Amino acid sequence: MKNTIIALALVASTVTLTACSQTERGTAIGAASGAIIGGAVTGRAGGALVGAAVGGAAGYLIARSDRSGYCIYRDRHGRRYEARCR
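In mature numbering (1 follows the signal peptide of the UniProt record, and there is no 0), the protein residues as written are -21 to -1, 1 to 65.
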(Lines of atoms letter the chains of each structure in order from A and count residues from 1; the text may use other names and numbers.)
(Lines give C-alpha, C1' and ligand atoms only; values in the text may rest on other atoms or scores of the structure.)
Protein backbone atom coordinates (compact mmCIF):
# COMPACT_ATOMS: atom_id res chain seq x y z
CA MET A 1 0.00 0.00 0.00
CA LYS A 2 2.83 2.39 0.75
CA ASN A 3 4.14 1.88 -2.77
CA THR A 4 0.77 2.93 -4.18
CA ILE A 5 0.71 6.09 -2.08
CA ILE A 6 4.28 6.94 -3.04
CA ALA A 7 3.51 6.38 -6.73
CA LEU A 8 0.43 8.61 -6.53
CA ALA A 9 2.43 11.31 -4.77
CA LEU A 10 5.14 11.21 -7.44
CA VAL A 11 2.61 11.42 -10.26
CA ALA A 12 0.82 14.30 -8.56
CA SER A 13 4.05 16.19 -7.96
CA THR A 14 4.99 15.79 -11.61
CA VAL A 15 1.61 17.17 -12.63
CA THR A 16 2.05 20.06 -10.21
CA LEU A 17 5.41 20.98 -11.67
CA THR A 18 4.13 20.96 -15.24
CA ALA A 19 0.87 22.81 -14.58
CA CYS A 20 0.80 26.23 -16.14
CA SER A 21 -2.05 28.24 -14.66
CA GLN A 22 -2.89 28.93 -11.04
CA THR A 23 -6.10 26.92 -11.39
CA GLU A 24 -4.23 23.89 -12.71
CA ARG A 25 -1.70 24.13 -9.90
CA GLY A 26 -4.42 24.41 -7.27
CA THR A 27 -6.22 21.39 -8.69
CA ALA A 28 -3.05 19.31 -8.81
CA ILE A 29 -1.99 20.25 -5.29
CA GLY A 30 -5.47 19.49 -3.97
CA ALA A 31 -5.56 16.12 -5.72
CA ALA A 32 -2.11 15.16 -4.46
CA SER A 33 -2.93 16.17 -0.90
CA GLY A 34 -6.27 14.37 -1.02
CA ALA A 35 -4.68 11.20 -2.38
CA ILE A 36 -2.03 11.14 0.33
CA ILE A 37 -4.51 11.84 3.11
CA GLY A 38 -7.14 9.43 1.76
CA GLY A 39 -4.59 6.65 1.34
CA ALA A 40 -3.09 7.20 4.77
CA VAL A 41 -6.44 7.31 6.56
CA THR A 42 -8.04 4.28 4.87
CA GLY A 43 -4.93 2.27 4.02
CA ARG A 44 -6.45 1.38 0.63
CA ALA A 45 -6.05 2.54 -2.94
CA GLY A 46 -9.77 3.29 -3.11
CA GLY A 47 -9.40 5.79 -0.29
CA ALA A 48 -6.55 7.44 -2.15
CA LEU A 49 -8.66 7.71 -5.30
CA VAL A 50 -11.61 9.23 -3.44
CA GLY A 51 -9.26 11.60 -1.63
CA ALA A 52 -7.70 12.66 -4.93
CA ALA A 53 -11.12 13.36 -6.44
CA VAL A 54 -12.34 15.38 -3.47
CA GLY A 55 -9.02 17.20 -3.05
CA GLY A 56 -8.83 18.00 -6.75
CA ALA A 57 -12.35 19.45 -6.77
CA ALA A 58 -11.63 21.51 -3.67
CA GLY A 59 -8.32 22.74 -5.08
CA TYR A 60 -10.02 23.76 -8.31
CA LEU A 61 -12.74 25.71 -6.53
CA ILE A 62 -10.27 27.47 -4.26
CA ALA A 63 -7.94 28.38 -7.13
CA ARG A 64 -10.79 29.68 -9.30
CA SER A 65 -12.11 31.89 -6.54
CA ASP A 66 -8.75 33.62 -6.26
CA ARG A 67 -9.21 35.67 -9.42
CA SER A 68 -12.89 35.91 -10.24
CA GLY A 69 -13.88 37.36 -13.57
CA TYR A 70 -10.63 36.47 -15.33
CA CYS A 71 -9.98 33.52 -17.61
CA ILE A 72 -6.90 32.14 -19.33
CA TYR A 73 -7.02 32.04 -23.11
CA ARG A 74 -4.63 30.98 -25.87
CA ASP A 75 -3.92 33.03 -28.94
CA ARG A 76 -3.42 31.52 -32.38
CA HIS A 77 0.30 31.03 -31.66
CA GLY A 78 -0.40 28.95 -28.54
CA ARG A 79 0.65 31.63 -26.06
CA ARG A 80 -1.46 31.93 -22.91
CA TYR A 81 -2.87 35.22 -21.71
CA GLU A 82 -5.30 36.30 -19.04
CA ALA A 83 -8.30 38.51 -19.73
CA ARG A 84 -11.82 39.09 -18.47
CA CYS A 85 -14.09 36.09 -19.08
CA ARG A 86 -16.46 36.36 -22.02
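It is possible that part of the hints are untrue.
Here are the computed distance ranges between Cβ atoms for each label pair [to be verified]:
#1 His56 <-> Asn(-19): 36 to 46 Å
#2 Arg23 <-> Asp54: 41 to 51 Å
#3 Ala(-15) <-> Ile41: 39 to 49 Å
#4 Arg63 <-> Thr21: 24 to 34 Å
#5 Arg65 <-> Ala37: 36 to 46 Å
No lab work stands behind these hints, which were simulated from the structure alone.
Just so we're clear, the structure is a prediction, and the values are computed from it rather than from any experiment.
Think of the CB as a built atom: it goes at the ideal place given N, C-alpha and C, for glycine as much as any other residue.
Results of checking the hints against the structure:
no., hint, result
1, His56 <-> Asn(-19): 36 to 46 Å, "holds (42 Å)"
2, Arg23 <-> Asp54: 41 to 51 Å, "holds (45 Å)"
3, Ala(-15) <-> Ile41: 39 to 49 Å, "violated (25 Å)"
4, Arg63 <-> Thr21: 24 to 34 Å, "violated (42 Å)"
5, Arg65 <-> Ala37: 36 to 46 Å, "violated (26 Å)"
Violation of the numbered hints given earlier is confined to hints 3, 4, 5; the remaining hints are satisfied by the structure.
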